[in-house]
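Line by line, the protein sequences give chains A and B. Here our numbering runs 5 ahead of the position in the first sequence, where the first position is 1. Here our numbering runs 5 ahead of the position in the second sequence, where the first position is 1.
These aren't lab readings, by the way, just hints derived from the structure by calculation. There may be inaccurate statements among the hints.
[Said to hold, decoys possible] Simulated DEER-style distance windows between Cβ atoms:
#1 Asp34/B / Thr15/A: 15 to 25 angstroms
#2 Arg25/A / Arg104/B: 37 to 47 angstroms
#3 Leu187/A / Glu290/B: 25 to 35 angstroms
#4 Ser166/A / Leu187/B: 31 to 41 angstroms
[To be verified] Simulated pairs of lysine to aspartate or glutamate, DMTMM-like, Cα-Cα distance not exceeding 20 angstroms:
#5 Lys256/B / Glu311/A
#6 Lys189/A / Asp115/B
#7 Lys274/A / Asp306/A
Beta carbons: idealized from backbone N, C-alpha and C, even for Gly.
2 protein chains.
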Amino acid sequence: MKLATLKDGTRDGQLAIVSRDLKTAVMADGIVPILQGALDDWPFIAPQLERAYNDLNAGKAHRAFDFDPRHCMAPLPRAYQWADGSAYVNHVELVRKARNAEMPESFWHDPLMYQGSSDDFIGPTDDIVLGSEDWGIDFEGEITVITDDVPMGTTPGEALSHVKLLMLANDVSLRNLIPPELAKGFGFFQSKPASSFSPVAVTPDELGNAWQEGKVHLPLRATWNGALVGQPNAGVDMVFHFGQLIAHLTKTRNARAGSIIGSGTVSNKDTSKGYTCIAEKRCLEMIEHGEAKTPFMKFGDTIKIEMLDTNGKSIFGAINQQVAQNAAKS
Amino acid sequence: MKLATLKDGTRDGQLAIVSRDLKTAVMADGIVPILQGALDDWPFIAPQLERAYNDLNAGKAHRAFDFDPRHCMAPLPRAYQWADGSAYVNHVELVRKARNAEMPESFWHDPLMYQGSSDDFIGPTDDIVLGSEDWGIDFEGEITVITDDVPMGTTPGEALSHVKLLMLANDVSLRNLIPPELAKGFGFFQSKPASSFSPVAVTPDELGNAWQEGKVHLPLRATWNGALVGQPNAGVDMVFHFGQLIAHLTKTRNARAGSIIGSGTVSNKDTSKGYTCIAEKRCLEMIEHGEAKTPFMKFGDTIKIEMLDTNGKSIFGAINQQVAQNAAKS
Numbered sequence: 006m007k008l009a010t011l012k013d014g015t016r017d018g019q020l021a022i023v024s025r026d027l028k029t030a031v032m033a034d035g036i037v038p039i040l041q042g043a044l045d046d047w048p049f050i051a052p053q054l055e056r057a058y059n060d061l062n063a064g065k066a067h068r069a070f071d072f073d074p075r076h077c078m079a080p081l082p083r084a085y086q087w088a089d090g091s092a093y094v095n096h097v098e099l100v101r102k103a104r105n106a107e108m109p110e111s112f113w114h115d116p117l118m119y120q121g122s123s124d125d126f127i128g129p130t131d132d133i134v135l136g137s138e139d140w141g142i143d144f145e146g147e148i149t150v151i152t153d154d155v156p157m158g159t160t161p162g163e164a165l166s167h168v169k170l171l172m173l174a175n176d177v178s179l180r181n182l183i184p185p186e187l188a189k190g191f192g193f194f195q196s197k198p199a200s201s202f203s204p205v206a207v208t209p210d211e212l213g214n215a216w217q218e219g220k221v222h223l224p225l226r227a228t229w230n231g232a233l234v235g236q237p238n239a240g241v242d243m244v245f246h247f248g249q250l251i252a253h254l255t256k257t258r259n260a261r262a263g264s265i266i267g268s269g270t271v272s273n274k275d276t277s278k279g280y281t282c283i284a285e286k287r288c289l290e291m292i293e294h295g296e297a298k299t300p301f302m303k304f305g306d307t308i309k310i311e312m313l314d315t316n317g318k319s320i321f322g323a324i325n326q327q328v329a330q331n332a333a334k335s
Numbered sequence: 006m007k008l009a010t011l012k013d014g015t016r017d018g019q020l021a022i023v024s025r026d027l028k029t030a031v032m033a034d035g036i037v038p039i040l041q042g043a044l045d046d047w048p049f050i051a052p053q054l055e056r057a058y059n060d061l062n063a064g065k066a067h068r069a070f071d072f073d074p075r076h077c078m079a080p081l082p083r084a085y086q087w088a089d090g091s092a093y094v095n096h097v098e099l100v101r102k103a104r105n106a107e108m109p110e111s112f113w114h115d116p117l118m119y120q121g122s123s124d125d126f127i128g129p130t131d132d133i134v135l136g137s138e139d140w141g142i143d144f145e146g147e148i149t150v151i152t153d154d155v156p157m158g159t160t161p162g163e164a165l166s167h168v169k170l171l172m173l174a175n176d177v178s179l180r181n182l183i184p185p186e187l188a189k190g191f192g193f194f195q196s197k198p199a200s201s202f203s204p205v206a207v208t209p210d211e212l213g214n215a216w217q218e219g220k221v222h223l224p225l226r227a228t229w230n231g232a233l234v235g236q237p238n239a240g241v242d243m244v245f246h247f248g249q250l251i252a253h254l255t256k257t258r259n260a261r262a263g264s265i266i267g268s269g270t271v272s273n274k275d276t277s278k279g280y281t282c283i284a285e286k287r288c289l290e291m292i293e294h295g296e297a298k299t300p301f302m303k304f305g306d307t308i309k310i311e312m313l314d315t316n317g318k319s320i321f322g323a324i325n326q327q328v329a330q331n332a333a334k335s
């Protein structure tokens, strides 16, 4: 099943069911008005959405219309929990190596996660509005999951049964704000502005065999200003699967329905697969040439993040955004 | 105006209007069902709630009932944004001093804030359920504000007009998890479990002259296992007022309606005022005796956090909780 949230001028938008081929959609308003409402009562709501989805795919839906990702908000335009891991430890190691710092060995068995901000997510084709290019604007291509209620103390194995939906994310980062902010000791804050999500959220069964043991075994494609710069396989070099990330989140707390958990920047050790964030490219340049040559994003730059199935069909639709300057002072 | 959220078995509870003396209440369901709904449309909703509040205080409300804080959830049982500052820099300096570390001078003019988790807040009289005493369970008495929509790039002066409500908070901290977590470099995560909030949220006018220039000029009282251990004045030694904290939050992002911003542990340089978190007491012991003597909280411990007006009347009602062990593995 594939679900999208359409812009209607409200904060939460309107839930729509989208066909498997992303060509048509039908409003879910006869079932539930918004995605958070569906997640709050998933066992009751999901089967009803699933029936409508099957009708839509069979061409039997009433009042179906053409699906246009430009009308989409993030599937959850605002959420109660956004916790982002760094499951591709290779990426973390590379960043450290570039600044001649050793990565603690514990990073290979204790997940690194940060608490993200979730009140103002960006739609898949909306501009990334920021105050200054000097902040070092970067994209980060990620896989994310949405859970139902996960109780405190859930094990990694149990946690996987709580994954209800998956999305792609662009976890925008402000690289030049990160070093002084992390030096303060309390983690990311201003350096992690609003994140963007794919047009649709999909149930795990939509991934077929590509969803295995809490990982998505398909390449994530990042296209920057029209050039494909990365296509690392999200199932390769993911040191912690989503069950482990969810268990890390719920060690000392409950995670409630609609919690979004991110994989961190998808990254393969095989550098021929390219990059899904500029920082990684710059780290490789630092290590090879002693200096970073690739600049961060400028106003007007575009970034497209997408995942295709083995038949070359888009699963989640594309995050397809432009960076724009905030009109207000910053 | 004073607002509470009453338990009704749902995730968001039911909004109630509470009398100034906290003795009676009336359901707000004829106006708006939940507090987030009121914040989403504050200019339209607030005057209606205000009229019902005036009727209630005048003894003219229909279907008023006795107000009982034990029936309260947190005013926002789940929120989209919870950003917590460390505005009482004295406290930060003390913590550093206790471990022989110098605090950067920049901490006096650049606010320290962390991104909190907001999907599962605890009601004012609900147990603080945690997995292990070994985690170093501590309370933290704080003042918090709730905003309407605050655009990116808002100045500290403008930001104050976005404060719609205030609450008290118990920002529970797991002290023994903090050092290894901060050493990982990404900030607090497992060390900051679910926070608790006061029975009612109040509009700034309820504080009268005590609300001045973005600070609350009244003592915050912390009572641990029945003993008053702290009553520092929240208006004293608050280096950053709430406008500055909100502006820090919105430098690189919008903050949306219902965002909660915290002051950090209230702390006065005058140590005769006691403490609103155990860590501070332990730091003072470290500095004076070379070792911390006061233990952290045990299962069964109680903590009460309250603020009285100049006539000795409770403004927000009391956070009044017990620490309990999680039944599940942890």
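Results of checking the hints against the structure:
1. Asp34/B / Thr15/A: 15 to 25 angstroms: Distance hint for Asp34/B, Thr15/A holds at roughly 21 angstroms.
2. Arg25/A / Arg104/B: 37 to 47 angstroms: Check failed, 57 angstroms falls outside 37 to 47 angstroms.
3. Leu187/A / Glu290/B: 25 to 35 angstroms: holds, 30 angstroms
4. Ser166/A / Leu187/B: 31 to 41 angstroms: For Ser166/A and Leu187/B the Cβ distance comes to about 32 angstroms; the hint holds.
5. Lys256/B / Glu311/A: violated, 29 angstroms
6. Lys189/A / Asp115/B: holds, 10 angstroms
7. Lys274/A / Asp306/A: violated, 27 angstroms
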